[in-house]
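Engineer: If you want the building blocks of each chain, they are given just below.
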Amino acid sequence: MTVTEIGRARTRKEDARLVTGQTSWTDNIQLPGLLHIAFLRSPMAHARITSVDVSAARGAPGVIAAFSGADFAAEQGSLPCAWPVTPDIIIPAHPPMATDEVRYVGEIVACVVARNKYAAADALELIDVDYEPLPAVLDMEAALAEGSPKVHEAGNKSFVWPLVNGDMDAAFRDAPVVIERTYRQQRLIPSAMEPRATVCEPVGDEFTLWSATQIPHVLRFLLAAVLGIPEQKLRVVAPDVGGGFGSKLQVTAEEFLTVLIARKLGRPVKWTESRSEGNLAVHHGRDQIQRIKIAADRDGRLRGLSVDLLADMGAYLMLVTPGVPLLGAFMYNAIYKMDALSFKCTGVFTTKVPTDAYRGAGRPEATFAIEHAMDDLAAELGMDPLELRKRNWITHEEFPYTTIAGLTYDSGNYEAATAKAVELFGYDELRREQASRRASGDPVQLGIGISTYTEMCGLAPSRLLGQLAYGAGGWEHASIRMLPTGKVEVVTGSSAHGQGHETAWSQIVADQLGVAFEDIRVLHGDTAISPKGMDTYGSRSLAVGGIAVVGACEKVIAKAKVIAAGLLEVSADDLEWTPGRWQVRGDPEQGRSIAEISLATFAAHNLPDGVEPSLDSDAAYDPNNFSYPHGTHLCAVEVDTETGQVSIRSYVAVDDVGVVVNPLIVEGQLHGGIAQGIAQALYEEAAYDADGNLLTTTLADYLVPSAADLPTYVLDRTETPATSNPLGVKGVGEAGAIASTPAVVGAVIDALRPLGVTDVEMPCTSQRVWRAINEAKGGAR
Amino acid sequence: MTKVSMTIDGVRYDDDVEPRMLLVHYLREVAGRTGTPIGCDTSNCGACTVLLNGMSAKSCSVLAVQADGAEITTIQGLADGEWHPLQRAFHEEHALQCGYCTPGMIMAAADLLRENPHPTEHEVREGLEGNLCRCTGYQNIVRAVLRAASEGVAS
Amino acid sequence: MIPAQFEYVRPGSLGEAVRALGGGGDDAKVIAGGQSLLPLLRLRLAYPSLLVDIGGLGELSGVRDAGDALVIGAMTTHYSLIGDPLIRDHCGLIASAAGTVADPAVRHRGTIGGSLAHADPAGDLPAVMVALDATMLATGPGGEREIAAGDFFVDYLTTSLAPGEILTAVRVPKLGHGWGFRYEKFQPTAQAWAIVGVAALARRDNGHVAEARIGLTNMGTVPVRAHAAEAAASGAASREALAAAAEHADEGSDPPSDLRAAADYRRHLARVLTGRALAGAAGLS
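Protein chains in written order, with the numbering used here: chain A, -19 to 761; chain B, 173 to 327; chain C, 450 to 734.
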């Protein structure tokens, strides 16, 4: 009897080392003679560097070397931006260590290399840098105004990227209802729990770089391409990595400099980031101003949507900085039908930490804006916001459906997910309670927020990425290695950093090859072991990497068939595959298990002519479409109108992520994503002062919520398989974070609409809520 | 340099350290107990939580010299041949993803259950207020602690 | 991050500690539990030349019954305060506020003396001490000295302790019959500092509030005593009357504007929370 592994709530293989403290974080790595790097960072948002004197630091106890940008100028190149979204985009030079100008507080200007990190930290204080201050540029609108001080010589506008589909004039001309809104996506700090770290060991002219990265393969390629280190002499290892959420989807100055310092000194070096350093240096997320215009009919039918974005790039374009808002471009129309869509994004330079991908990357912003706008439109029409959504969404019968943005949604069932969520939530009952609290003027008001989201997972069809000017493909790679004893090694190009690939991939392979879950080991995150890959981001691991694993299994099964036929002395055509075994059709006693075939292949005594003695395989998978998870999230909040304090009373999420490989892992991803989305809605914001100093440099200032701040989530699922891949899977890494923010903010505003409040900027802190109430009353702002 | 001696996971260590050395650096770099990671500078994240004389402490906010004579238990010393019920419960309930917060979270949970063997969900959430996790949204962590409690960890 | 270098001594007696501190110059500092100091050291916001570790002085730990008052040793941890039977019976406000400080691990090591001597107006215990009319006991080169709580906090992170003086204990009057208390802490997240906190005490007599005392957290550079609201609360017999009295709570305060809140919002919160705290203290909530 075989048990299907896909769909089982398997506990994770990864946990054994993680719950016992045997994890191999980059900061745990020790090598003989390991030296420690400390970086000196600019305290100025914008300044010309007139001199850097590292001589005193060089003479300090325990110090081996100290360097300024001048020491690397000839070899450090420019940190790469892989996504030049328009032909005329401005991509400024971005030296890993600044040489003549700094453009954000936190930019690296010098470094010390010492025998231990204490000595390195001390010597850092001996470096003398002279700055000639230049004006900080902080506000995007001001940055675009005539006469604004420039972040870069070429100007503050990096690019303008447009998309227009349908007849916008017709949609808006004579439209009975038009609403116009401006929303702000605050700047966020991804805050993976493991701060970044690097170790580089040079041996001769070969280098091994360990880094807390999501993208060892991309990093290796770009280090080779930019620094000219022959790729074959460069090994990149992502050991256990403590979360990323996009923040480790980056090719960083610190990684470049770690390699360059190791090369200069010929000695192994290590850098470990502190949290307060990381808040100044790890790329930030979001930070957009969204101007939205919707045209609709009186009955609520959507006619057209116009989106005009300003996206804060920060001081430089990092790996995919300009592409992030574009990932949202195709999602503003969300699950809704409409006649026309116009999208325009202007990338703006400011003297702040560069932005880049953060969980959802473009899609949370889009989803927030459209869901918020739908609520606003419903209020304008005096219609229940859920009813407005129903009138506009793509019905189950209409799939596959090509949206106004040009994507083809392969499958979905918004009716089913919504119906389930409404019931679990007790929507009607809560509406009744809300009405009675409103009627009685209760100081604690109740609000209900709705997010009927979809998103695109499985980045991405390579051809499409090419059309969007992205610098690489979107495929993924996998190998199967059949070991002589019948056990299996799975090599994946996906680079896990908490997702549970070792478990989920084992489940997939167990079903495909018919071997036991326990007999499978998954290897990843080391370019010497897993030479090919596109790594982990964009909810792509399962929907792309997982399918590559399926392909690799299929190749092994096909090879095994030929070998089995030889061993059984029958024609391959007479064999049939049952999980784990090739057997003679009509005579199932005659057969060979995959383990037997594997051992026979190892011995290679009786292989058919021309069959190579290997039962391994390589496969790469390039998706032909994105996948489109969706769901309905409902949130009820209580707002204390006296203090402005918001507390979440209940949270229901019904998600459709297609076929579920492991429900435990899927739920975990949703929990975490929802929490991060709530954090954006209520708690987190990277704040700057007027001089461009980051005010939220520590976790005492940047408020990542704890267990005591977050609610219990009630989860359920519907399962509408994706039709674009053989497993029917969609992806779930970002869904929670994409869905939850508008549900929570929508609930806050819903609670306050009777008081005249129409918007509360994120995060909806008690102070902002109180001010919004006051302002609506005509009181103090 | 100042002399310190302490017992870490049952093993006695005697060393001369700079007075400014943080306990967590002593654990990781002198004693080689790298199971306890560091997540922040301000004692907010709790990743470095250990038991110091039986009570939870954030080892990044204690000087090694302050722990002179102390008995320290880290995540690496929690299992007694078999996994501690909290380690089992975290595994069974999928209470970890990247696992970086897990050592501190488990040690904080052990302290919580020592103090209150049968907490309510609310008490678990409040009791873990000093430990941040960015992956799990806490729901399964709370479940795991309640599960360990129901299995009678404290006894 | 990593603290800068400092000298370190661990005296065996209070006398030794005072001598060490006196001999350490202007940049010598006392370390108790270290829960306020360590983050400052790690961020290199403080560069002490010498740390005098009073962690080994058992005589500074614990709560003693001194007749009509309790004497709380400076090294008594928040954790101990929360569970101490004398505190619970005679001064529950202290336990209640101590229970809101940071998180359990910090409360295990953080001490009452440390948090008072650190004198952060956003800390919870300073306002409690002001409300309780506590007396600080300090020992320095010139011997022992008593300082009223109201005179102890002189500015942001600054006390009236003289150089070389160590805070050794706090004496708090026992709350007699009829007193109730409530600490209302308003914070953006569970482990964050208070945006505003209100420590309220009320003595009820015959259904009305005979006497109220209110200390405010984070409403100025020092903890603030809300005298006007106290006076207005006297005689109140309903929740509404207490709320009306609380409208005076921010009088005489000078709250900061910072990342968390502007001064006007803090003033508003102080009024609302004082109303709630008084109602709680008076048993009228």
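Treat the hints with caution; some may be incorrect.
[Unchecked claim] Pairs of lysine to any residue residues, derived as SDA-like cross-links and limited to a Cα-Cα distance of at most 25 Å, are as follows:
no., chain 1, residue 1, chain 2, residue 2
1, B, K175, C, R716
2, B, K175, C, G472
3, B, K175, C, V520
4, C, K478, B, E295
5, A, K(-7), B, E323
6, B, K175, C, G461
7, A, K757, C, S498
8, C, K478, A, A680
9, B, K175, C, Y457
10, B, K175, C, P460
11, A, K512, A, E186
12, A, K(-7), B, M227
13, A, K(-7), B, H256
14, B, K175, C, E689
15, B, K175, C, A711
16, A, K541, A, A508
17, A, K(-7), A, E469
18, B, K175, A, F152
19, C, K478, B, W255
20, C, K623, C, V520
21, C, K478, C, K623
22, C, K478, B, H256
23, B, K175, C, S498
24, A, K(-7), B, D240
25, A, K757, C, E689
26, B, K175, C, K623
27, A, K757, C, G461
28, A, K(-7), B, E254
29, A, K757, C, H697
30, A, K213, A, K(-7)
31, B, K175, C, L624
32, A, K137, A, T326
33, A, K(-7), B, W255
34, B, K175, C, A453
35, B, K175, C, Q454
36, A, K467, A, S573
37, A, K(-7), B, D186
38, A, K(-7), B, R260
Hints in this document: simulated from the structure, not taken from any laboratory.
Engineer: It remains to establish, for every hint, whether it holds in the given structure.
Structural biologist: Okay, the hints, checked on the actual structure:
no. : hint                  : verdict
1   : K175(B) with R716(C)  : violated (51 Å)
2   : K175(B) with G472(C)  : holds (22 Å)
3   : K175(B) with V520(C)  : violated (34 Å)
4   : K478(C) with E295(B)  : violated (37 Å)
5   : K(-7)(A) with E323(B) : holds (23 Å)
6   : K175(B) with G461(C)  : holds (16 Å)
7   : K757(A) with S498(C)  : violated (55 Å)
8   : K478(C) with A680(A)  : holds (23 Å)
9   : K175(B) with Y457(C)  : holds (11 Å)
10  : K175(B) with P460(C)  : holds (14 Å)
11  : K512(A) with E186(A)  : holds (19 Å)
12  : K(-7)(A) with M227(B) : violated (30 Å)
13  : K(-7)(A) with H256(B) : holds (17 Å)
14  : K175(B) with E689(C)  : violated (62 Å)
15  : K175(B) with A711(C)  : violated (48 Å)
16  : K541(A) with A508(A)  : violated (30 Å)
17  : K(-7)(A) with E469(A) : holds (14 Å)
18  : K175(B) with F152(A)  : violated (78 Å)
19  : K478(C) with W255(B)  : violated (43 Å)
20  : K623(C) with V520(C)  : holds (10 Å)
21  : K478(C) with K623(C)  : violated (32 Å)
22  : K478(C) with H256(B)  : violated (41 Å)
23  : K175(B) with S498(C)  : holds (19 Å)
24  : K(-7)(A) with D240(B) : violated (38 Å)
25  : K757(A) with E689(C)  : holds (23 Å)
26  : K175(B) with K623(C)  : violated (43 Å)
27  : K757(A) with G461(C)  : violated (63 Å)
28  : K(-7)(A) with E254(B) : holds (17 Å)
29  : K757(A) with H697(C)  : holds (22 Å)
30  : K213(A) with K(-7)(A) : violated (32 Å)
31  : K175(B) with L624(C)  : violated (46 Å)
32  : K137(A) with T326(A)  : holds (7 Å)
33  : K(-7)(A) with W255(B) : holds (15 Å)
34  : K175(B) with A453(C)  : holds (19 Å)
35  : K175(B) with Q454(C)  : holds (16 Å)
36  : K467(A) with S573(A)  : holds (12 Å)
37  : K(-7)(A) with D186(B) : violated (37 Å)
38  : K(-7)(A) with R260(B) : holds (13 Å)
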